[in-house]
Amino acid sequence: MVDTVIVLQAVMQGLMLGAIYGLIGLGITMVYAITGLLNFAHGDFMAMAMYLCLALYRHFRIDPYLSMLLAIPLLFVMGILVYHFLFRRVLKAELLMVVQLTLGMVFIIESTLLLSFTADYESVPNFLHAMKFTLGPLSTTGSYLATFFVGGGVGGALYWILQKTDLGRQIRAIAQNKEAAALMGIHTGRIQMIVFAMGIALLGLSGSLTTSILTMEPYMGLELTLFAFIVFVMGGVGNFLGTLLAGYLLGVADAMGSLFVGGHLGAMVPYGLFVLMLLLRPQGILGAR
Amino acid sequence: MNGRDLRKNTGLLLFWLGISLLALGLPWKLSISWIRIFAMIYLFIYWASAWNLIGGMAGEINFLHPLFIGAGAYTSTLLYLQAGISPWLGMLLGGVIAVALGLAIGWICYRSGLPHLSFALICLGFAHIGEIIALEWDLLGGSRGLVIRPAPGFVHMQFQSVTGYYYMGLIMAAFMVGLCWYIGRSKLGYYLKAIKHNETAASAIGIDTVRFRLLALSISAFFCAMGGTFYAQLVLYIDPHSAVSIVAVISMILFCAIGGFGTVWGPVVGTLLLMPVGEILRLYFMTGIHLIVYGVVVILVILLTPHGLVPWFKNAFRKKAKDSSYSPG
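So the sequences go chain by chain: A and B. Counting from 79, one number per residue, gives the positions in the first sequence under my numbering. Counting from 107, one number per residue, gives the positions in the second sequence under my numbering.
Because the hints were derived from the structure by calculation, they are not lab data. Each hint should be verified, as a subset may be incorrect.
What the hints assert, rightly or not - To give an idea of the interface, some chain B residues facing chain A are shown, with a C-beta separation under 10 Å as derived from the structure: (1) H234; (2) I235; (3) I364.
Note that CB positions come from ideal geometry on N, CA and C, so glycine has one too.
Take these sequences, add in the hints, and give me the full structure.
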């Protein structure tokens, strides 16, 4: 029988990574709620942020936490450009068509990463990574803690923005009824662009936070996207709070899978949980918006 | 039938005759490697058309096909390797297993009335689980895969030269396109289109949506699995990454998208355009760069023709006909 301490340790690890899954999922949820777009290149943008940190670390020894200051604005601008030149033009096309467009982007981003960085597995340490923190029998490293607090904090802050600020009210209004929101004088086009770029910028944050935790390779993007989609659906499509919760749930499921089952079969546990959950409770944890 | 119709029909007849002659005579002009590539192109036309039945006509975002292809490839190969049963028989059995899988998963999913997106993700989940099972199950060869020893002979579904595969692929593709054309005009096709446009309304006028979606899924699954056997016999090697591959279904959907979802000729046009482009890019560019160019081509085509090439072409053709002096009736 596995030790309770080890299980608790794994649960904690899962919760910490779950904060990031929630954040990635929240990006997708916001974009989907506002624009109806499904971006299969979502995870690839996060991979781009991670590789940016790698390049800065390799050439200038810059800590990934510092690279964040460059990665976030850069990805925000990239989000605006991609939205303006690509997505805006296909908003009315069939959903699968847009999915294919984003898959075209996946080809481009993954091959570019492969050409510039080779297919080796990489990770970048940050200044907190060597620090150990202990709480009773449990122990963790500084970078896991930072991921948990920053990821959870930003998730909470975003939720607060969505609920309490004018921007958040405008976003929710568009999510509820785009035409009516436009009639009320909300610049729907501009808000859509900002939200899309915000979703991408969140990946700059998540990418820089996880460079020491997740191993990066050029093809990691699609798997991250898949995880983000699972979080998005599990949380109840378009439900912001549910998405954050689903992130934690999936993080724990992932950790439990690798602890109790291990290997390829262990990687199946989150998917199994997702399939089961959709069959028993198709509306998601908290129900759809 | 007046003169104009007759002329039009003769023109069409000549056009199709030319296309068939071209397809039949192509192996004499091509190198062995290109004959092989074309056999693969026909296989993808066949697969994409089979996907189009459920994905294009019924409008589902269905990613279950890696399971079906895997069921076909693994069933026939295992039976051949372990019991010496001819792949021609294994092909049919693989199809039956794929239908059983499709019915089981489809029945669970359709009944709970999942929205499109959740359904798509659940499919991806099942496909991923299938790939992992193939990786972990020793009987299926695990990650080392299964190798078929070359033993040319019709019973073994192995041909002396690659031209044999070319013609088999061509026949399969032609059959599938014909089947799609037939289903598109049958009752089932109209039911599927009704379900695609408004499922609630379709069920309100008495269409048993679950039953017809399951029927379409079974047809699609059966023929996809048969393609899986053909793939195994063409390559003589299968492993989880090639035979239960999510990448394959993504390419199939891509070809349908570029050609036009739900149209009979969409998968044909999309595959015939993109696969040779992909191969040529791979031949002339460095690895990696060819995928970047490929991605740019995909994005450009979608931006220019957001509904696919076939509908765009039809539209342009109709406009031209309207502009000319001829006016109907």
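Structure-based check of all given hints:
Nearest Cβ of chain A to the Cβ of H234 of chain B: about 5 Å, under the 10 Å cut. The hint holds. Evaluation of the I235 of chain B hint against chain A yields a held restraint, the C-beta minimum of about 6 Å falling below 10 Å. The restraint placing I364 of chain B at the interface with chain A holds, with a minimum CB-CB distance near 8 Å, inside the 10 Å limit.
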